[in-house]
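K.L.:
Please build the complete structure, drawing on both the sequences and the hints.
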Amino acid sequence: MIGMKHSLLAFALMGIYCICSATTYYSQGSLSPNSLSNWNSNRQGGGTTPSSFTSGGDEFVIQFNHVMYTTGTWIVGSSSSSLKIEGGGVLHAVHPVLLTGFFQILDGGVYYHDNNASTSSSAGTSIFGGTELFSPLSRVEIRNWINNATPLPASVNWGILVINYASNIGGNWNQQGNLTNIQRDLIIKRTGLAGQDFRLTTNTSFTLTVGRNLEIEQTTLLVKDGNAAGTTAIVQVNGDVNIVNGTLNLGTVDFKPNNELRFRGNMLVAGSGSVTATTEEPMLVANSGSVQSLFTDSPINTGFKVLGGTTIKLNSALTMGNLRPLIIAGMFNAAGNAITMNGGTLAVPGGWFMSSSKIDMKDGVCQVCQGNGSFSFSTGWCSNSGDTGVINFSYDTIQFNRSVASALKIGDLNSKGKLFLTNNAVIAFTGPTTGPFPNRGAIELSGNGTLSFDENSLAIGDAFYNANGGWLVTGSPAGLVVSGGGGSIRVNGARNYNNAGVNSYEFRSSLAQFTGPGLPTTIAGTLKFNNSSILGVTLTQSTTVQTGATLYLERGIIKTNSSTALLTLNNNSNFIGGSSTGYIDGPFRKFGNQNFTFHVGKSGRYSPVVINADGGGNVADVYTVEYYPDNPAAIYGNQLFQFIEHISTAEYWNITGTNNRQRDLIFNITPYSGVTHFPTLIVSYFDGSGWLNLGYGTKTGLPSSGTMKVMAFNYGPFTFGSTDANTNSFISALPVRVISFTARRNGEKGILNWEVSADTDADYFEILSSNDNRNFFTLARVPANSNQRLYQYVDPQLKPGTTFYRLRVVEKNGTPVLSKIAALFYSVKGLQLVSVNPSVVRDRTMITLATSDRTTVQLMITDAQGKIVRSTRADLLQGTNNIPLDLSNLGSGIYYVFAVNAEGRTNVLRLLKQ
Numbered sequence: 001m002i003g004m005k006h007s008l009l010a011f012a013l014m015g016i017y018c019i020c021s022a023t024t025y026y027s028q029g030s031l032s033p034n035s036l037s038n039w040n041s042n043r044q045g046g047g048t049t050p051s052s053f054t055s056g057g058d059e060f061v062i063q064f065n066h067v068m069y070t071t072g073t074w075i076v077g078s079s080s081s082s083l084k085i086e087g088g089g090v091l092h093a094v095h096p097v098l099l100t101g102f103f104q105i106l107d108g109g110v111y112y113h114d115n116n117a118s119t120s121s122s123a124g125t126s127i128f129g130g131t132e133l134f135s136p137l138s139r140v141e142i143r144n145w146i147n148n149a150t151p152l153p154a155s156v157n158w159g160i161l162v163i164n165y166a167s168n169i170g171g172n173w174n175q176q177g178n179l180t181n182i183q184r185d186l187i188i189k190r191t192g193l194a195g196q197d198f199r200l201t202t203n204t205s206f207t208l209t210v211g212r213n214l215e216i217e218q219t220t221l222l223v224k225d226g227n228a229a230g231t232t233a234i235v236q237v238n239g240d241v242n243i244v245n246g247t248l249n250l251g252t253v254d255f256k257p258n259n260e261l262r263f264r265g266n267m268l269v270a271g272s273g274s275v276t277a278t279t280e281e282p283m284l285v286a287n288s289g290s291v292q293s294l295f296t297d298s299p300i301n302t303g304f305k306v307l308g309g310t311t312i313k314l315n316s317a318l319t320m321g322n323l324r325p326l327i328i329a330g331m332f333n334a335a336g337n338a339i340t341m342n343g344g345t346l347a348v349p350g351g352w353f354m355s356s357s358k359i360d361m362k363d364g365v366c367q368v369c370q371g372n373g374s375f376s377f378s379t380g381w382c383s384n385s386g387d388t389g390v391i392n393f394s395y396d397t398i399q400f401n402r403s404v405a406s407a408l409k410i411g412d413l414n415s416k417g418k419l420f421l422t423n424n425a426v427i428a429f430t431g432p433t434t435g436p437f438p439n440r441g442a443i444e445l446s447g448n449g450t451l452s453f454d455e456n457s458l459a460i461g462d463a464f465y466n467a468n469g470g471w472l473v474t475g476s477p478a479g480l481v482v483s484g485g486g487g488s489i490r491v492n493g494a495r496n497y498n499n500a501g502v503n504s505y506e507f508r509s510s511l512a513q514f515t516g517p518g519l520p521t522t523i524a525g526t527l528k529f530n531n532s533s534i535l536g537v538t539l540t541q542s543t544t545v546q547t548g549a550t551l552y553l554e555r556g557i558i559k560t561n562s563s564t565a566l567l568t569l570n571n572n573s574n575f576i577g578g579s580s581t582g583y584i585d586g587p588f589r590k591f592g593n594q595n596f597t598f599h600v601g602k603s604g605r606y607s608p609v610v611i612n613a614d615g616g617g618n619v620a621d622v623y624t625v626e627y628y629p630d631n632p633a634a635i636y637g638n639q640l641f642q643f644i645e646h647i648s649t650a651e652y653w654n655i656t657g658t659n660n661r662q663r664d665l666i667f668n669i670t671p672y673s674g675v676t677h678f679p680t681l682i683v684s685y686f687d688g689s690g691w692l693n694l695g696y697g698t699k700t701g702l703p704s705s706g707t708m709k710v711m712a713f714n715y716g717p718f719t720f721g722s723t724d725a726n727t728n729s730f731i732s733a734l735p736v737r738v739i740s741f742t743a744r745r746n747g748e749k750g751i752l753n754w755e756v757s758a759d760t761d762a763d764y765f766e767i768l769s770s771n772d773n774r775n776f777f778t779l780a781r782v783p784a785n786s787n788q789r790l791y792q793y794v795d796p797q798l799k800p801g802t803t804f805y806r807l808r809v810v811e812k813n814g815t816p817v818l819s820k821i822a823a824l825f826y827s828v829k830g831l832q833l834v835s836v837n838p839s840v841v842r843d844r845t846m847i848t849l850a851t852s853d854r855t856t857v858q859l860m861i862t863d864a865q866g867k868i869v870r871s872t873r874a875d876l877l878q879g880t881n882n883i884p885l886d887l888s889n890l891g892s893g894i895y896y897v898f899a900v901n902a903e904g905r906t907n908v909l910r911l912l913k914q
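The sequence shown begins at 1 in the numbering used here and counts up by one.
Simulated from the structure, these hints should not be mistaken for laboratory data. Since we're looking at a predicted model, the values are computed, not measured. Even for Gly, the Cβ is constructed at its ideal location relative to N, Cα and C. Honestly, I wouldn't trust all of these hints.
What the hints assert, rightly or not - Derived lysine-lysine pairs resembling BS3-like cross-links, with alpha carbons at most 27 Å apart:
hint : residue 1 : residue 2
1    : LYS913    : LYS358
2    : LYS799    : LYS749
3    : LYS812    : LYS559
4    : LYS602    : LYS559
5    : LYS313    : LYS559
6    : LYS559    : LYS913
7    : LYS799    : LYS820
8    : LYS699    : LYS709
9    : LYS867    : LYS709
10   : LYS820    : LYS602
11   : LYS709    : LYS820
12   : LYS749    : LYS812
13   : LYS358    : LYS867
14   : LYS867    : LYS812
15   : LYS358    : LYS313
16   : LYS602    : LYS812
17   : LYS699    : LYS602
18   : LYS699    : LYS812
19   : LYS709    : LYS602
Said to hold, decoys possible - Restraint ranges, calculated between C-beta atoms of paired labels, are given here:
hint : residue 1 : residue 2 : range
20   : GLY192    : GLY47     : 22 to 28 Å
21   : SER757    : PHE713    : 40 to 46 Å
22   : LEU790    : ASN492    : 49 to 55 Å
P.N.:
Structure follows, in structure tokens:
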């Protein structure tokens with residue numbers, strides 16, 4: 001119909017529609033259009049005036065800056081006549097204007113419909129009785145209408161349409177689906193006293209496209225009245241949605257095709273404005289494929305969906321109405337704005353959700369999983385294809401009520417999702433008690449999902465934890481704890497770390513860790529270590545990696561023992577990693593007849609051993625390797641046979657295995673080995689009575705960094721030996737130890753000084769810098785010199801604010817050692833709490849503060865409820881200060897530390913008292 005109207009108008013404008021007497025008349029000022037004398041065939045006057053308004057084919061043009069008010073009913077021409085409003089021209093129809101011809105409004109032209117008469121004549125019943133062609137920036141404002149039973153005309157391609165309820169038209173005004181396309185803005189407002197709704201349809205399916213913005217002010221837009229089966233109403237707004245003291249009502253849907261308002265710009269809900277629906281199914285849908293923002297003063301009482309490729313930036317607190325869902329398939333950045341869900345579902349199917357402020361779920365479900373863009377109430381939010389959903393949450397709390405309806409779900413059946421908790425984030429099932437006994441929610445890890453806790457993040461409260469086939473990452477020093485305090489997961493219900501499915505576990509921290517009693521003794525998935533502490537991870541109980549499962553040693557010193565904490569790999573299990581920063585400190589056992597490298601070491605020395613079976617033996621063969629950086633003669637004596645002149649006093653390996661199996665053994669030669677001469681170097685084996693010569697073997701590399709391969713038939717202690725008294729002294733270099741690292745300011749420069757232990761094997765030093773105490777980058781690299789203990793580096797230009805420094809010492813074998821953190825202030829006065837070390841405290845800890853000037857502070861410690869439990873005075877010097885604290889008399893729990901001086905308070909850090 002729109003196309004037909006446009007075609008007819010085009011014919012008319014081209015002159016094909018031939019009326020011999022057709023004339024164009026122009027308005028002559030801001031006058032009444034009803035008077036013939038106010039029109040002229042010449043724009044500036046001087047031409048002819050029309051003899052009547054009913055001559056066929058005549059065109060009447062309201063010119064720029066002419067504002068015309070009707071003074072009575074105005075009948076314009078016949079079906080071939082036309083009325084045009086040019087840009088800047090205005091027509092106020094306070095009386096009926098009857099037109100069956102062409103009604104054209106150019107960009108900038110305005111028409112005000114301000115009458116409710118139903119007068120009819122041969123010319124038609126309304127100004128909209130003919131063919132309309134409205135340019136995108138034309139404006140039609142409806143201030144009054146015949147009655148609420150008569151909708152706007154169908155198939156009109158509006159420019160800017162304003163519904164301005166200045167008068168009462170008898171009740172709610174339903175358009176019956178007639179309104180389908182608006183090129184620019186749809187503005188619905190009330191400036192008078194009328195209180196009727198503007199309704200788009202009743203129980204019929206339709207789609208309305210708004211080319212730019214939707215504005216609702218002091219009135220209600222109801223998208224669809226009624227709930228007939230199979231009907232759906234879609235409003236697509238290609239710009240902003242602004243609701244100021246008005247209401248957007250999406251209507252009622254009961255699991256039928258949905259009602260949706262889709263928008264591609266920003267959304268503002270201000271004042272007493274609101275967004276609502278009768279049921280939870282109707283949805284607001286952000287679908288721009290780019291960045292949008294949301295600000296609301298009121299709850300959103302509809303569902304809210306963010307489509308893939310779209311980013312929502314939240315600029316206010318967000319409260320979802322009762323049981324209303326928030327579905328994120330794109331990106332949603334809540335930043336520091338709180339979200340209250342009121343029992344609705346917060347789902348992230350294939351999207352990315354970021355927040356650093358409180359999320360109150362009430363009795364709701366928070367779920368992250370895969371999504372492919374196809375989801376609904378009836379089919380669910382998750383799929384087994386598409387992108388993996390991710391939630392990044394930090395600093396605050398995701399809180400649930402103590403209810404069986406409350407649930408945190410990471411992944412779903414065959415659907416992956418990831419939840420990362422950082423910077424003191426807490427999952428808390430500590431809200432009000434609701435629902436039936438046992439008043440406990442659930443944390444479910446499924447579908448190869450990932451649940452990651454950093455060092456200080458926790459899950460607490462009345463809930464169960466069930467691992468049903470996922471990847472659990474813990475940064476807690478206590479590891480996986482099955483009851484009580486300690487560990488990342490401290491819920492009061494059962495903690496089932498291996499409830500069902502194939503589960504994997506990762507220990508990731510910069511603090512020393514224990515694996516904890518909750519780590520299963522048999523691993524069916526992956527056991528991964530990524531720990532940067534020099535103390536590493538201590539295995540709490542003996543653990544076996546099953547056939548087909550994986551041990552992933554990315555980083556960390558894994559401490560084992562033969563009696564209660566032996567780490568075993570079964571036949572045909574998998575191993576990834578192993579390096580000078582990731583090895584087993586203690587016995588390491590392997591079943592099977594595959595060639596294998598035992599990544600072992602101790603006390604900062606990494607010295608792996610390769611056992612090559614080359615296909616011989618059987619799957620029941622077993623080998624255990626442990627490295628010792630000690631003198632083997634002190635344990636086994638110094639009885640030497642077979643031309644051995646002396647053996648190493650620096651190191652040995654204890655290898656047990658299936659006897660009578662000839663194997664190639666390959667030992668690493670490191671700077672700690674003290675090897676100087678390959679031709680006289682042998683491997684020696686202790687047979688129970690003395691040291692035997694296994695021969696010169698095959699050597700590669702250099703005496704300071706190489707390998708040596710020999711064949712062995714029996715097993716026990718092995719070490720290097722020499723057949724010449726004058727070679728291979730086996731004197732070992734000592735590992736690096738950072739004695740001190742300080743920072744001071746000299747004008748605009750930062751002066752860094754450090755001292756390392758003597759006789760170390762440092763290769764170089766990296767100066768690390770950060771402006772947030774979290775993300776460090778390499779500022780400079782300083783070479784190490786033999787026997788030099790004192791070093792200095794000058795940062796030539798400090799940046800305004802706080803600069804944090806850290807030293808990374810890299811040994812010649814690649815092993816890194818990190819110093820403590822120092823901080824400097826420049827161009828600002830400041831006081832910064834740098835670190836609490838350790839942050840998991842049994843008795844004592846060290847507080848590090850940095851200050852721009854000498855000052856006196858009160859060091860405050862509060863409990864989780866904010867009550868001050870300790871206050872200590874401290875006098876600080878300019879620069880970095882270390883304050884020891886004895887916390888032995890505090891009870892177990894979470895505490896917060898900050899400092900206060902005359903100028904204010906510092907940042908807050910959290911510690912855990914065990």
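K.L.:
Confirm or reject each hint.
P.N.:
Hint by hint, here is what the structure shows:
With a C-alpha separation of about 24 Å, the suggested pair LYS913 and LYS358 falls inside the 27 Å cut-off, and the hint holds. The suggested pairing of LYS799 with LYS749 holds, with an alpha-carbon distance near 9 Å, which does not exceed 27 Å. With a CA separation close to 23 Å, the supplied pair LYS812 and LYS559 stays within the 27 Å bound. Between LYS602 and LYS559 the CA atoms are separated by roughly 9 Å; this keeps the pair inside 27 Å, and the hint holds.
For the proposed pair LYS313 and LYS559, the alpha carbon gap of about 45 Å is over 27 Å, so the pair is violated. For the hint linking LYS559 to LYS913, the alpha-carbon distance of about 24 Å falls within 27 Å, and the restraint holds. At roughly 21 Å between alpha-carbon atoms, LYS799 and LYS820 fall within 27 Å of each other, so this suggested pair holds. Our distance criterion of 27 Å between C-alpha atoms is met by LYS699 and LYS709, whose separation comes to about 6 Å.
Proximity of LYS867 to LYS709 is assessed by CA-CA distance (about 64 Å); at most 27 Å being required, the pair is judged violated. Our distance criterion of 27 Å between C-alpha atoms is met by LYS820 and LYS602, whose separation comes to about 22 Å. With a C-alpha separation of about 40 Å, the suggested pair LYS709 and LYS820 falls outside the 27 Å cut-off, and the hint is violated. Of the supplied pair hints, the one linking LYS749 and LYS812 is violated, its CA atoms being roughly 31 Å apart against a limit of 27 Å.
For the hint pairing LYS358 with LYS867, the CA-to-CA distance comes to about 20 Å; that is within 27 Å, so the pair holds. With a C-alpha separation of about 50 Å, the suggested pair LYS867 and LYS812 falls outside the 27 Å cut-off, and the hint is violated. Of the pairs offered as hints, the one joining LYS358 and LYS313 holds, with about 16 Å between alpha carbons and a cut-off of 27 Å not exceeded. Our distance criterion of 27 Å between C-alpha atoms is met by LYS602 and LYS812, whose separation comes to about 16 Å.
Between LYS699 and LYS602 the CA atoms are separated by roughly 23 Å; this keeps the pair inside 27 Å, and the hint holds. Restraint check: the Cα-Cα separation between LYS699 and LYS812 comes to about 20 Å, which is no more than 27 Å; the hinted pair holds. Annotation: proposed proximity of LYS709 to LYS602 holds, straight-line Cα distance about 21 Å (limit 27 Å). Checking the proposed 22 to 28 Å range against GLY192 and GLY47 shows it is violated: the Cβ atoms sit about 41 Å from each other.
Range check, SER757 to PHE713: Cβ separation about 42 Å, and the 40 to 46 Å hint holds. Look at LEU790 against ASN492: about 54 Å separates their beta carbons, and that is inside 49 to 55 Å.
The structure fails hints 5, 9, 11, 12, 14 and 20 (numbered hints given earlier, in ascending order).
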